[in-house]
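Chemist: Guided by the hints, dock chain B onto chain A, whose structure is given.
One line per chain: the protein sequences are A and B, in this order. Numbering follows the numbering used here, with no gaps: position 92 of the first sequence is 92. Numbering follows the numbering used here, with no gaps: position 180 of the second sequence is 180.
Be aware that a few hints might be false.
Said to hold, decoys possible - Derived contacts from chain B toward chain A, CB cut-off under 8 Å, selection only:
| no. | residue |
| --- | --- |
| 1 | Phe42 |
| 2 | Val132 |
| 3 | Asp173 |
| 4 | Ala178 |
| 5 | Met184 |
| 6 | Leu186 |
| 7 | Ser215 |
| 8 | Glu221 |
| 9 | Gly224 |
What the hints assert, rightly or not - Lysine-lysine pairs mimicking DSS-like chemistry, simulated, CA-CA at most 27 Å apart:
| no. | chain 1 | residue 1 | chain 2 | residue 2 |
| --- | --- | --- | --- | --- |
| 10 | A | Lys150 | A | Lys73 |
| 11 | B | Lys73 | A | Lys197 |
| 12 | B | Lys170 | A | Lys226 |
| 13 | B | Lys226 | A | Lys170 |
| 14 | A | Lys150 | B | Lys197 |
| 15 | A | Lys170 | B | Lys197 |
| 16 | B | Lys197 | A | Lys197 |
| 17 | B | Lys197 | A | Lys91 |
Hints were generated in silico from the structure; no laboratory data involved. Glycine included, C-beta positions come from ideal geometry on N, C-alpha and C.
Protein chains: 2
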Amino acid sequence: MSRPSTASPGKPGRKRRPGRPTGTAHTAAIRSALLKAARELFAKRDFTAASVREIAAAARVNPAMIHYHFGDKDGLYRAMLQETLGPVLQKVQDLMDRSGRESQTSIHDALEAVMTMLAREPWVARLIVREVLAEEGPFRELFIREFAAKGGGRLPALLEREIASGRVRKDFDPTLGALSFMSMALFPFIALPVAEKVFGIRMTDTFTRRLVEHSTRLFYEGAGHKSSRTRRDESRSRGGSKAHG
Amino acid sequence: MSRPSTASPGKPGRKRRPGRPTGTAHTAAIRSALLKAARELFAKRDFTAASVREIAAAARVNPAMIHYHFGDKDGLYRAMLQETLGPVLQKVQDLMDRSGRESQTSIHDALEAVMTMLAREPWVARLIVREVLAEEGPFRELFIREFAAKGGGRLPALLEREIASGRVRKDFDPTLGALSFMSMALFPFIALPVAEKVFGIRMTDTFTRRLVEHSTRLFYEGAGHKSSRTRRDESRSRGGSKAHG
Chain A
1 MSRPSTASPG
11 KPGRKRRPGR
21 PTGTAHTAAI
31 RSALLKAARE
41 LFAKRDFTAA
51 SVREIAAAAR
61 VNPAMIHYHF
71 GDKDGLYRAM
81 LQETLGPVLQ
91 KVQDLMDRSG
101 RESQTSIHDA
111 LEAVMTMLAR
121 EPWVARLIVR
131 EVLAEEGPFR
141 ELFIREFAAK
151 GGGRLPALLE
161 REIASGRVRK
171 DFDPTLGALS
181 FMSMALFPFI
191 ALPVAEKVFG
201 IRMTDTFTRR
211 LVEHSTRLFY
221 EGAGHKSSRT
231 RRDESRSRGG
241 SKAHG
Chain B
1 MSRPSTASPG
11 KPGRKRRPGR
21 PTGTAHTAAI
31 RSALLKAARE
41 LFAKRDFTAA
51 SVREIAAAAR
61 VNPAMIHYHF
71 GDKDGLYRAM
81 LQETLGPVLQ
91 KVQDLMDRSG
101 RESQTSIHDA
111 LEAVMTMLAR
121 EPWVARLIVR
131 EVLAEEGPFR
141 ELFIREFAAK
151 GGGRLPALLE
161 REIASGRVRK
171 DFDPTLGALS
181 FMSMALFPFI
191 ALPVAEKVFG
201 IRMTDTFTRR
211 LVEHSTRLFY
221 EGAGHKSSRT
231 RRDESRSRGG
241 SKAHG
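In isolation and in its complexed conformation, chain A is listed as follows:
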């Protein structure tokens, strides 16, 4: 194995501190190279345990650079997720802020944002499985605080707005609904290695689009044939059903 080439730290005397240093383009390039190398290592199907040393070797920088830029491996994971999940979390916030009136738009757009990201960046689901769900360490707490709470945690409020606007039925539980949304959005990616074999699916762009449309319609309309809906619903069907039209 070739020894990774070393790169001189920007300010060698300075105490290492996680986060982007205010240094030169050179240090920014090293940070970038580390994030890219980590993403590529994680994207590999046969990934088992990317050590700090392996990531540094793949980026062709000294392992000390990971400590300099990210503090530790958890800091690197956090930076990777911030870059990739940031726009999705912003999208959920935008949907909250928007006074949209179109039917099905919020849930569709939120599902599309989450699922498209997970399909394009397969390392995200694997990182969640390995470092958040399977491990009980401090990274789980960090993930909950900085990502899950800002994504899934905002969904009950988004669903409450859908109820208030009349798009979602009054007796729908926003917390259980948020859990169902997260289930539909994340599980196909979390369980992809099994789903590929059991259902013969492949997470192509076309499949992802179909899954987004399917999940949106299932969420709003359900799978049931109209004539076999519950009697309660049927019996209160009115003559003019376009009151909200």
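Modeler: Relative to the frame of chain A, chain B by itself:
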């Protein structure tokens, strides 16, 4: 740490072979004790990596007994899952065989069977996360073949029957529907450590029952308010809607 007490193997000269030996009540008791100890170790929140040695120590038997009864750790996992998932897989098969006519029964019963089992045996979801989703070893293949294929793998056919019977709409995709079913049934348990914090839920018996009812109704009816369903659906609503009543 106290040394685990040893138990004499039933047939010491015999070549070890996985699976229940045809031996005495004593060997059956040892097998039982090992399965119980493994379940208890797995049920602990702070579980990190139950080694063969730890499981044997907890069961107060010689580690060689694991090899004798189960071949290896994967064989032990397999036996644990067979005991617990067996009745659930049988339930799915029964639903397939049944010529039931009641609306919503199949999906409700299947969701209830899977979710009640996962709520009562929290080690199952953790075993799936750690040994199937996070690990790419031979146990994943075994799990897919012996459990996932016999559970989730039968759902598309079950949904096709629901479509044929008129309970599920004709344009519903049975494969995507099966994936959504598995998402709703498994994700709340797979992601429980995160969901507990983000949504403030606790997987009590009462909560599990609510989640089963919520998921069944979401699956068949969706969350949408009736008056805001797609125009396509609305425009074909007929005068008498109880044709299947």
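Chemist: Now tell me if each hint is right for this structure.
Modeler: Hints versus structure:
1. Look at B/Phe42: its Cβ only gets to about 13 Å from chain A, farther than 8 Å, so that hint breaks.
2. At about 7 Å, the closest approach between the beta carbon of B/Val132 and any beta carbon in chain A falls short of 8 Å, and the interface hint on this residue holds.
3. With its C-beta approaching chain A no nearer than about 6 Å, B/Asp173 sits inside the 8 Å limit, and its interface hint holds.
4. Proximity of B/Ala178 to chain A holds as hinted, the smallest CB-CB distance being about 6 Å (cut-off 8 Å).
5. Given hint, B/Met184 at the interface with chain A, holds; its Cβ is 5 Å from that chain's nearest Cβ, closer than 8 Å.
6. Annotation: B/Leu186 was flagged as interfacial toward chain A, and the flag holds, the nearest CB pair being 6 Å apart, inside 8 Å.
7. Restraint check, B/Ser215 versus chain A: the minimum CB separation of about 7 Å is within 8 Å; hint holds.
8. The interface hint given for B/Glu221 holds, since its Cβ lies 4 Å from the closest Cβ of chain A, which is under the 8 Å cut-off.
9. Because the beta carbon of B/Gly224 sits about 4 Å from the nearest beta carbon in chain A, less than 8 Å, this interface hint is met.
10. The straight-line distance between the Cα atoms of A/Lys150 and A/Lys73 is roughly 22 Å, inside the 27 Å bound, and the hint therefore holds.
11. Only pairs whose Cα atoms come within 27 Å are accepted, and B/Lys73 paired with A/Lys197 is accepted, the gap being roughly 23 Å.
12. Of the supplied pair hints, the one linking B/Lys170 and A/Lys226 holds, its CA atoms being roughly 11 Å apart against a limit of 27 Å.
13. For the proposed pair B/Lys226 and A/Lys170, the alpha carbon gap of about 11 Å is at most 27 Å, so the pair holds.
14. Under the criterion of a C-alpha separation no larger than 27 Å, the hint pairing A/Lys150 with B/Lys197 is consistent with the structure, at around 12 Å.
15. Of the supplied pair hints, the one linking A/Lys170 and B/Lys197 holds, its CA atoms being roughly 25 Å apart against a limit of 27 Å.
16. For the proposed pair B/Lys197 and A/Lys197, the alpha carbon gap of about 32 Å is over 27 Å, so the pair is violated.
17. Proposed proximity of B/Lys197 and A/Lys91 is supported: the alpha carbons are some 22 Å apart, at most 27 Å.
The structure fails to meet hints 1 and 16 from the earlier list, while all remaining hints are met.
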